Amino acid sequence: MVGSGGVGKSALTLQFMYDEFVEDYEPTKADSYRKKVVLDGTEEQIDILDTAGQEDYVAIRDNYFRSGEGFLCVFSITESESLQSTRDFREQILRVKNDEDIPFILIGNKCDLTEKRQVSQEQAQSLAAEWNVPYVETSAKNNENVDKVYFDLLREIRNRKTSNGRKETTTVKSSKKSSKKKCVIL
Amino acid sequence: MPPPLVSGVSPNEGPPGTLITIRGENLGVDVRDVISLQICGVEMVLTADWISNKKIFARSGQGVGKGDIIISTKSGGTGTSNVTFNGTQLTQILPTQKSAVFVDETHTFLTAWDKHRVVTDEIAADNLLGLSDEDSEKKFPLTKLLEYFPRCSGNVTASNFSPYWYLLENNAGTSFADLKAGLEFLKSRRSSSSKEPLSFVKTNVSTFMECQDALVTMHNKLTWDENQKIMSLDKLNMLLQAADKDADSLFHDIIRRKEKADATRNTLGILNRFKFLFYLPPSIRSNIAKGDYDLVINDYTRAKLLFRDTEVAVFKEIISAGVVCSFMEKLKKRYRSFESHYMKRNPAWECITTQYKWLVSCLFNCLTEHTNREHDEYRYSKGQRARTKSSISITLNSSKDFREQLLGPGVPHAQSQAVKIKTPQRVLFVEELSDLLTEHFPAFYRLGHAYFEGQLLRKERDDSHRAKIEQKQNLNAFKHMIGLVLKTYCNLVRNAFLPESLADLPEETRRAYEGWTLTKAELPSAWLPQCVRTVRQCAEALRNVIPPESEFNNLPQELVFDLRTDTMRTILKQAIDDVSKLNTKETWVLDTNDSSGSTTQLPGMFENCINESVSHLNDVVIRVKAGEHDIFNDRTTQEQATALCIDLVKAYIQTLEKCAFDEPAQDDSMNSDPLLDGSTKMLDGVPPLRRRLIITLSNCHYSLEKIMPRLVETLDKHGYHETNKVMQFAEESFDELDAKLFDQYVELKVEPIVGQLEQSMYTGQFDWSTAKEPMSVRDYIKECISHIVEAHAEVYSILSTDFLPRIISHIVDVVAEEINRLIFSITKFNKNGALQARIDLLAFKLAVERCLTAKYRKCLDEAIARVPKSNQHKDEQKIDRIINQFQQQFKFHLLAFSQLDILSDE
Numbered sequence: 001m002v003g004s005g006g007v008g009k010s011a012l013t014l015q016f017m018y019d020e021f022v023e024d025y026e027p028t029k030a031d032s033y034r035k036k037v038v039l040d041g042t043e044e045q046i047d048i049l050d051t052a053g054q055e056d057y058v059a060i061r062d063n064y065f066r067s068g069e070g071f072l073c074v075f076s077i078t079e080s081e082s083l084q085s086t087r088d089f090r091e092q093i094l095r096v097k098n099d100e101d102i103p104f105i106l107i108g109n110k111c112d113l114t115e116k117r118q119v120s121q122e123q124a125q126s127l128a129a130e131w132n133v134p135y136v137e138t139s140a141k142n143n144e145n146v147d148k149v150y151f152d153l154l155r156e157i158r159n160r161k162t163s164n165g166r167k168e169t170t171t172v173k174s175s176k177k178s179s180k181k182k183c184v185i186l
Numbered sequence: 001m002p003p004p005l006v007s008g009v010s011p012n013e014g015p016p017g018t019l020i021t022i023r024g025e026n027l028g029v030d031v032r033d034v035i036s037l038q039i040c041g042v043e044m045v046l047t048a049d050w051i052s053n054k055k056i057f058a059r060s061g062q063g064v065g066k067g068d069i070i071i072s073t074k075s076g077g078t079g080t081s082n083v084t085f086n087g088t089q090l091t092q093i094l095p096t097q098k099s100a101v102f103v104d105e106t107h108t109f110l111t112a113w114d115k116h117r118v119v120t121d122e123i124a125a126d127n128l129l130g131l132s133d134e135d136s137e138k139k140f141p142l143t144k145l146l147e148y149f150p151r152c153s154g155n156v157t158a159s160n161f162s163p164y165w166y167l168l169e170n171n172a173g174t175s176f177a178d179l180k181a182g183l184e185f186l187k188s189r190r191s192s193s194s195k196e197p198l199s200f201v202k203t204n205v206s207t208f209m210e211c212q213d214a215l216v217t218m219h220n221k222l223t224w225d226e227n228q229k230i231m232s233l234d235k236l237n238m239l240l241q242a243a244d245k246d247a248d249s250l251f252h253d254i255i256r257r258k259e260k261a262d263a264t265r266n267t268l269g270i271l272n273r274f275k276f277l278f279y280l281p282p283s284i285r286s287n288i289a290k291g292d293y294d295l296v297i298n299d300y301t302r303a304k305l306l307f308r309d310t311e312v313a314v315f316k317e318i319i320s321a322g323v324v325c326s327f328m329e330k331l332k333k334r335y336r337s338f339e340s341h342y343m344k345r346n347p348a349w350e351c352i353t354t355q356y357k358w359l360v361s362c363l364f365n366c367l368t369e370h371t372n373r374e375h376d377e378y379r380y381s382k383g384q385r386a387r388t389k390s391s392i393s394i395t396l397n398s399s400k401d402f403r404e405q406l407l408g409p410g411v412p413h414a415q416s417q418a419v420k421i422k423t424p425q426r427v428l429f430v431e432e433l434s435d436l437l438t439e440h441f442p443a444f445y446r447l448g449h450a451y452f453e454g455q456l457l458r459k460e461r462d463d464s465h466r467a468k469i470e471q472k473q474n475l476n477a478f479k480h481m482i483g484l485v486l487k488t489y490c491n492l493v494r495n496a497f498l499p500e501s502l503a504d505l506p507e508e509t510r511r512a513y514e515g516w517t518l519t520k521a522e523l524p525s526a527w528l529p530q531c532v533r534t535v536r537q538c539a540e541a542l543r544n545v546i547p548p549e550s551e552f553n554n555l556p557q558e559l560v561f562d563l564r565t566d567t568m569r570t571i572l573k574q575a576i577d578d579v580s581k582l583n584t585k586e587t588w589v590l591d592t593n594d595s596s597g598s599t600t601q602l603p604g605m606f607e608n609c610i611n612e613s614v615s616h617l618n619d620v621v622i623r624v625k626a627g628e629h630d631i632f633n634d635r636t637t638q639e640q641a642t643a644l645c646i647d648l649v650k651a652y653i654q655t656l657e658k659c660a661f662d663e664p665a666q667d668d669s670m671n672s673d674p675l676l677d678g679s680t681k682m683l684d685g686v687p688p689l690r691r692r693l694i695i696t697l698s699n700c701h702y703s704l705e706k707i708m709p710r711l712v713e714t715l716d717k718h719g720y721h722e723t724n725k726v727m728q729f730a731e732e733s734f735d736e737l738d739a740k741l742f743d744q745y746v747e748l749k750v751e752p753i754v755g756q757l758e759q760s761m762y763t764g765q766f767d768w769s770t771a772k773e774p775m776s777v778r779d780y781i782k783e784c785i786s787h788i789v790e791a792h793a794e795v796y797s798i799l800s801t802d803f804l805p806r807i808i809s810h811i812v813d814v815v816a817e818e819i820n821r822l823i824f825s826i827t828k829f830n831k832n833g834a835l836q837a838r839i840d841l842l843a844f845k846l847a848v849e850r851c852l853t854a855k856y857r858k859c860l861d862e863a864i865a866r867v868p869k870s871n872q873h874k875d876e877q878k879i880d881r882i883i884n885q886f887q888q889q890f891k892f893h894l895l896a897f898s899q900l901d902i903l904s905d906e
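If you're matching them up, the sequences are chains A and B in order. Per the UniProt record's numbering, the first sequence runs over residues 1 to 186. Per the UniProt record's numbering, the second sequence runs over residues 1 to 906.
Derived by calculation from the structure, the hints in this document are not laboratory data. The structure displayed is predicted, hence computed values, not measured ones. Careful: at least some of the hints might be erroneous.
The calculated lysine-lysine pairs, modelled on BS3-like cross-linking and capped at a C-alpha distance of 30 Å, are [as the list claims (entries may be wrong)]:
no.	chain 1	residue 1	chain 2	residue 2
1	B	K845	B	K740
2	A	K97	A	K35
3	B	K878	B	K858
4	B	K782	B	K874
5	B	K874	B	K891
6	B	K740	B	K706
7	B	K66	A	K97
8	B	K878	B	K772
9	B	K581	B	K725
10	A	K35	B	K54
11	B	K891	B	K858
12	B	K869	B	K858
13	A	K161	B	K66
14	A	K141	B	K54
15	B	K782	B	K869
16	B	K290	B	K304
17	B	K740	B	K658
18	A	K36	B	K54
19	B	K772	B	K891
20	B	K55	A	K141
21	A	K148	B	K55
22	B	K54	A	K148
23	A	K35	B	K55
24	B	K858	B	K772
25	B	K66	A	K36
26	B	K855	B	K782
27	B	K869	B	K855
28	B	K772	B	K874
29	B	K725	B	K573
30	B	K725	B	K658
31	B	K845	B	K782
32	B	K573	B	K650
33	B	K855	B	K845
34	A	K36	B	K74
35	A	K36	B	K55
36	B	K66	A	K35
37	A	K35	B	K74
Start from the sequences, fold in the hints, and give me the full structure.
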C-alpha cells in the first residue's frame, strides 16, 4: 500500500483483512498482514505491507518497494495534493523496480465523501491512462470495491508470474500488496 | 477451538518496548485464556493487553531480528504466525540515526524489562528478638539511657550500638524467659541469614557481573584515557604543525601572486606618471604632421622641465645624449623662422582669402556639376523616352526620405508615369549646396572672427598705426567676403527656384548663376517644400554662427522668405490646376448622404486637394521658426494668398460648371433619348444633362454647406488671413452657380411640359366649342401632372429635400402660367366645353395648389374665372363627381404634392 499520509491505506487494509473500519487516525509506521484467499478457485496467500505515507519515511521506501510484487497506490479524492504525490510514488517504484509493467492500481479512496470531492474522476482516469494502469474508486468506510482492488491486483500478479513461467514462493512484503502463490511449489 | 493465528502486526519492526498491535484469529476467549505470548522468542505475555479474540496489544521484548509472534491459549493451544516482527536493538537507534519506524523515545530510556532490580528490604530493626511489643508501655526514659550510656545508641545499624541501651529501650519490661527465647530466635535467624547472601548473590549474579563488567570497563577506559592523553598531545602537536604547513602551502601561491600584482601596479603607476614622456615622440611626429608646431614646442619644453633635474639614470642619459634636445631645438628654430618669414605677409589673412575663394568656387562647381548632370540626363531621357521628365537618381539621404514620402499619395503629376521616381536634379543641387554652406561657412566665419580677435597668433601683434589700418581694411574686406559668399549662395538658389527675383541683376552677373536646362515650371511643385526645408535648415545653421544683429543675417532670411512665399504660390497654383482638372475625374457615382442629399466624390476630391496642399505648405512654409518672419505679415503676400484661395474656389466652381454643362463627346448614343434613360443610374458613363444638373446642384449645395466651412476653418487654423473674404466669395459664387444651374434645370424640365401642353390640349381635333359632355379630367392635365411628378421623383432621388419645394413650385408656376395663357386664348366655349375646362382647371388646381406661389395662384384663379360658369345644379354635381374620381385615380401622384406641402410647412 503506497500513497501519502491519511489517504486511507490502513483503513483499506483493515477493511480487507478484518472487515472493520477504524475511525481514529493513527499514523502507520509499517504494518504487515497476511491472508489466505481463494482466488478463482485457487488458494492464494496475500502479503500486505502497509507503509507509512508521511514524508518522514521517504528515505526507506526503496527497501519496501524492492520487495513488492504489486502496488496499490492510494490517494484521497478529497485532497488533490494526494493525487499529485502519487506521481512521486509511481516514479520511485518504477525506478526501484525498473519495470514499466509492474502490477499497479491507482485507487481513489474516500469516494463516499462526495461533497468534499476535489479530484474529478476524469482527472484520475487521465492520470491512470497516462500510466496505462487501472483506476478504481473505493470507500474503506462503506467497503466499496475494497476486495475488488486486492483481488484485481492479486490476479494481475498471478497472471504475470504464470506468464513468466516463474515459480516463486517468495514472501514479499512491500509497499502495496504482494501475493505469493504457494501452489506453484507443486 | 482452533489454535490462535496471528495475521497482522503493526508495526512490524521496532526496538524493545515497542507497542505492537497484534491481530489475528482465535486469540483467546478472555484475558486469562492467553497463557503465552512470544515475540521473537521472548515471552512477553505480561505486557499483553487483550482486547478481543482478534486483537491484542503487547510490547516487544529483547528479541532481536525477525521472528514470529506465537500466542498460546488454554482454549486453542499453541498458535502460529503468518507475519514476523523485526526486533531492532535499542542502541541502534540514536537521535541522529535513520529509522524505518517511528521511534517513541519515551520508551527508549524508561524500562528495560529484564533489568528490574530487587531492592533488598531493610531489616526491621526494631524487633530483633522477635518479641511482641504488647507491654511496651513501660518505656525506659530516654534521658536516663543517655545518662547511663553516653555516646551510645539503640540503633542496631549504628556503629555505637549498645545492646544494653537497646534492651533497656525495647524490652525493659520483658521477662528473662522471654529474653532467653528471644536470644534463641536471634541466634536461629542469624544462622539462617548467613545463608541468605549466597542465595541473593546467586539470584542476582547477573547484576554483580554487570557491575564487575562496568567497573572493568571504567577502569580500562580510565587507563586508556591516561595513555591517550599523552599520545594525543603528541598527535595534536603533529597535526597542528601539519596544518600550519598546509596553510602555508595553500596561501603560498596567493601571496606570491599578490606580490606580483603589487609590483605590476607600481610599474603601471610609474608608466602612467611618465606616460607623457613615452608618448612624446609619437605625439611630436603627429603634431608635426598636422603642423601644430606650437604644441610640439610646448610638449618638448614640458618634458625638459620635468626631467632636467632627474635622478633616474636612464633619463639622464637620454637628456645628456641630447637626442630629444637637438631635434627639438632645431624644430623650434625652424618654426620661429617660418613664423617670422610669413609674418610679413600675414599668413592668416591669406588663409582667409584662400578659404573664401575656395568656398565660392565650391558653390559654383556644385552648380556646374548639377546643371551638367541635368543636361545629360535630359538629353538621355529625351532620346529614350521623350515624355519623361528626368533627373539622375543620386541618392542623398534627405531626398531619399522624401522620395519615400512621395511614393505615397502625393506623387507629382509630371512623374506619375515614370516607373521609378527620381529626385529632380535641382532639388539635389539645393541640398548639396546647402550642405556645403552649412559645413564650411561656419568654419570660415569663425576663422575670420578669430583672426580679428587676434587669437590666431601667439604673440601680440604690434600696435603700430600701419597695422591698425591694415586690420581695418582687412575687416572690411572680410565682411565683403562674407556678404559675397552668402550672396552667391542666395543667388544660386534663387536662380534655381526664383529666377524672376534676379531680374534686377546685370545680365552678365546673372549668367554666372544659370545653366539649367529645364525651366522652373517643369519642376514638380511637390518638391518645393523639400527645398524650402533644406534652405531653411541651412539658414538656421548660418544664424547660429552669425550674430543676430549682423547685417549678414538678412540675405538668407530674405531668401528663405521669398522661397516660402513662392512655394506657397506655386503649390496653391498647382492646387488650382488640379482642381480645375477635377471634372475629368468625376465618376458620377452617387454617394447618399442623409443630411444633404446625394453627392458625387467631386466635393470630397476638392477638399482633399486643398487639404493636401495646405498640409504640404504647413510644415515647411507657413510655420514660423525662430528668427523668421511670418510670411502673412507681409501685406502683398497676404493679398496674394487670399487671391489664390479665391482662385481656388473659382476654379472649383468652374469645374462644377464644366461638369454640369459640358456635353461629353463620346456618349451621344446614350443620350439620344434623355427622357427615357433619365431615371436609370449610369455607372459607366456620364448621365444626361438634366441629371448632371441636379447632381451638380447637389454637389454645389453640399460644398457650400459642409466643405467650405471646414476648409475655411483649416485655413484659419494654419494662420491664413482674410479667410472670411474667401468664404464670402465662395458664398457669392456658389449662389451664382446655384442660380444658373437651377434656371437651366427648370427650363429643361418645363420646356417639354409646356410645349406639349397646347398640343395635347387640342389633340384629336378637340374643340372647346364643340366638346362633348365631359366624362373625366382630360388627358393633357393628367400628362402634365405626371411630368411634374416625374421631375419631383428625379429631384427627390438626388437632392436634399430642401430643394424640392423650390424646384417644383417653380415648375408648377410656369405650367400654371401656360395654362392661363391657353385658356385665355380660347375664343369660344360651348356648354360642355366650359364644363370640361372647368373640370380640368379645378383638377389641376387641386393637384398643385399647395406648390403655387401667390402670383400664379391668382393667375390660375383668373383662368378659372375666365371659363363661363354654369348655374345648373346638375353640372355642379357632375364637376364634383369627376373631381372626386380624379382624386381617386391620382391618389399617389397627389401624395407627392401633399408631402411637399408638409415639408415646406416645416
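Now for the hints, and whether the structure bears them out:
no. : hint            : verdict
1   : B/K845 x B/K740 : holds (29 Å)
2   : A/K97 x A/K35   : holds (24 Å)
3   : B/K878 x B/K858 : holds (25 Å)
4   : B/K782 x B/K874 : holds (24 Å)
5   : B/K874 x B/K891 : holds (25 Å)
6   : B/K740 x B/K706 : holds (21 Å)
7   : B/K66 x A/K97   : holds (24 Å)
8   : B/K878 x B/K772 : holds (14 Å)
9   : B/K581 x B/K725 : holds (24 Å)
10  : A/K35 x B/K54   : holds (14 Å)
11  : B/K891 x B/K858 : holds (25 Å)
12  : B/K869 x B/K858 : holds (18 Å)
13  : A/K161 x B/K66  : holds (27 Å)
14  : A/K141 x B/K54  : holds (19 Å)
15  : B/K782 x B/K869 : holds (23 Å)
16  : B/K290 x B/K304 : holds (22 Å)
17  : B/K740 x B/K658 : holds (12 Å)
18  : A/K36 x B/K54   : holds (16 Å)
19  : B/K772 x B/K891 : holds (26 Å)
20  : B/K55 x A/K141  : holds (20 Å)
21  : A/K148 x B/K55  : holds (25 Å)
22  : B/K54 x A/K148  : holds (24 Å)
23  : A/K35 x B/K55   : holds (15 Å)
24  : B/K858 x B/K772 : holds (29 Å)
25  : B/K66 x A/K36   : holds (21 Å)
26  : B/K855 x B/K782 : holds (23 Å)
27  : B/K869 x B/K855 : holds (23 Å)
28  : B/K772 x B/K874 : holds (16 Å)
29  : B/K725 x B/K573 : holds (18 Å)
30  : B/K725 x B/K658 : holds (24 Å)
31  : B/K845 x B/K782 : holds (12 Å)
32  : B/K573 x B/K650 : holds (12 Å)
33  : B/K855 x B/K845 : holds (14 Å)
34  : A/K36 x B/K74   : holds (25 Å)
35  : A/K36 x B/K55   : holds (18 Å)
36  : B/K66 x A/K35   : holds (19 Å)
37  : A/K35 x B/K74   : holds (24 Å)
Of the numbered hints given earlier, the model fails none.
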